[in-house]
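Participant: Residues per chain, in single letters:
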Amino acid sequence: MTAKIKLATVSLAGCFGCHMSFLDIDERLLTLLELVEFDRSPIDDIKHCGPCDVGLIEGGICNAENVHVLREFRKNCKTLVAVGACAVNGGLPAQRNHLDLGDILQEVYQTSLGLAPGSAIPNDPELPLPLNKVHPIHEVVKIDYFLPGCPPSADAIWKFLTDLIAGRTPALGHGLLHYD
Amino acid sequence: MSFELETADINPENLRRVAIDPVSRVEGHGKVTLLLDENNQVHQVRLHIVEFRGFERFIQGRPYWEVPVMVQRLCGICPVSHHLAASKAMDIVVGAAQLTPTAEKMRRLMHYGQILQSHALHFFHLSSPDLLFGFDSDVAKRNIVGIAAQYPEIAKKGILLRKFGQEVIRITAGKRVHGTGSIPGGVNKSLSKDERTELLKDAYTMVAWSREAVNIIKQLHQQNPALYDTFGAFRSSFMSLVAADGSLDLYHGALRARDADGKILFDQMDYQNYDQVITEEVKPWSYMKFPFFTALGPEAGWYKVGPLARVQNCDNIPTPLAEYERREFVAYAGGKPSHATLGYHWARMIEMLFAAETIKDLLHDDDLEGTDLVLSGERQKEGVGVIEAPRGTLFHHYRVGDNDLVTMANLIVSTTNNNQAMNTAVREVAKKYLNGREITEGLLNHIEVAIRAFDPCLSCATHALGQMPLEVSLIDAEGGVISRVSKDSDGLRRLT
Ligand code: SF4
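Note that the protein sequences, when read in sequence, are chains A and B.
Counting from 1, one number per residue, gives the positions in the first sequence under the working numbering.
Counting from 1, one number per residue, gives the positions in the second sequence under the working numbering.
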């Protein structure tokens, strides 16, 4: 038996919808488990990515920790894939990019409805530094493949992965390539 | 104010920091930090929500009819909940608080599909490894892959239950994740006969498998009450929507809250006035706010939401099999409210059974094939939409200007309602299991087991943003600076 492909997945500034779409391969998940071994992923308890064949990144970059995790993935994964609109171009979270970070902060923590008196903006050292803009991941590291869609369909993810595992250049074709 | 173990009683610089980062097998981005002294006594435990998105702010200025589609991107596990809560708020705005029967039933079907898929995902894919293998079992095996290897039947049924829920969503909303079926004042499609027949084919099997799932978790409780009744348990009030007759309804109703002994605090409260009963506190160490019942104050007024609250808050469940299981649950707890954190799993599976039965019943209703889909009436400036999402009560509140653009948005997501409850649960577990011991991976997983019981959606809970006390540069692959953020610092921040 040939060695299993090592696969890691992570959600950065995303909504987990791309991971959901991945799980939407349904019973094919059981087939996939024969072919791949999971490294770090939200579905297991491996907290740091080790050397891997493929890394799937959901979500863009909205804070310093995202940058750190993305670099860790790039360092360890032979093939790195931007999965979904957020990773490819920032997606919906990037709608905050035309606004001033400080203003949003103030509104959410100090002037919005129903706040207890004396509420202040969270500022603990344990909270990672937010960036003033949300960035697509290719601005930070080199990305090998871009899988568009919000989220890409389960069939698209399946076709992509099975192509890659079989050593073919992944090709989605007309029906599977979409942007909504 | 601060709760026990929330803030270290001695100088944190003399304490050792242990972090669980990221909390895994949950949805979203969170971490737990512990501060321990040299004898491994725990002095501080916090569940931090570390990410921000800013939805409430950037929804402003968008046309109101976009909102139900936009807000789904808060959360890919429960997008339907946000889709429907926002739609319900916008129903009020377009003057259509009462929908056509077809529209309401389509939405109900969509919502119960969502409950079914989310509960199945949480139980089978995420939590069952802890429950079936043990909290400190081998980390390599403690996941759905391990379950598939050792309990292939359970894994397969879990996958197919989730698939069925996702198919209900696809057929009612157009897409499994981030569909567009619901619009202000109604829906944009109904079902064809073929679609109904197609779904009905599997509906009975799903009811049967949901029953099996209830039995799995019930037996785990009965076999090991010493663990299941006490693990991470704490007393608190609880809240949920209930129907006008007090029965369980996850799509619509009015607010009911009880204290820890089960005494009613308020009942049949119109959620349009939710801001009269709930206030939110902000703490410096989490982007997630801490809501409490205003009348009781932050110390005594926090509460829990979600399956454990709902199953005990309602007077009955309107489908027979789930009602039978509810009675079993109540009897097991001895007629008093159960505050067992692991009881969430049991209650969740009872709800999954309720969802499966409800879907089956709805699919027999010819109204689903109706053509009267949308209503509108007198335009209002403001609307609140509330729904029982898989994880608990979800509030969406909007104001809309005369030009149809949103001017104000306020969200209290389900997981935020459970913020204090989750923090209390992990502190209880830390006190009991970690104090004075050498910290191991297995012990730390006990903390995560307590968090997972709530099925938190940390993704949903990240609609706020943080301060920038240091300078950070974002460098691109070629070494160029893309972004630099800086701010005066009044504290140390770890640069990652
Ligand atoms: S691309 Fe869409 S589905 Fe994927 S994480 Fe972003 S918002 Fe969610």
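I should point out that these hints are in silico values taken from the structure, not numbers from a laboratory.
Hints may contain errors.
[What the hints assert, rightly or not] DSBU-like, lysine-lysine: derived pairs with alpha carbons at most 30 Å apart: (1) LYS159(A) / LYS431(B); (2) LYS75(A) / LYS141(B); (3) LYS431(B) / LYS47(A).
[Said to hold, decoys possible] Sample of chain B residues facing chain A (criterion: CB under 7 Å; computed from the structure): (4) VAL50; (5) PHE52; (6) VAL177.
Heads up, the beta-carbon is just placed ideally off N, CA and C, and yes, glycines get one too.
Participant: Run every hint past the structure and note whether it holds.
Facilitator: Here is what the structure says about each hint:
With a C-alpha separation of about 48 Å, the suggested pairing of LYS159(A) with LYS431(B) is violated against the 30 Å cut-off. With a C-alpha separation of about 26 Å, the suggested pairing of LYS75(A) with LYS141(B) holds against the 30 Å cut-off. With a CA separation close to 24 Å, the supplied pair LYS431(B) and LYS47(A) stays within the 30 Å bound. Given the 7 Å rule on beta carbons, the hint for VAL50(B) holds: about 5 Å separates it from the nearest Cβ of chain A.
Interface hint at PHE52(B): satisfied, since its Cβ lies 5 Å from the closest Cβ of chain A, which is below the 7 Å cut-off. For VAL177(B), the shortest C-beta to C-beta distance to chain A is roughly 5 Å, which falls under 7 Å, so the interface hint holds.
In this structure, only the earlier hint numbered 1 is contradicted, and the remaining ones agree with it.
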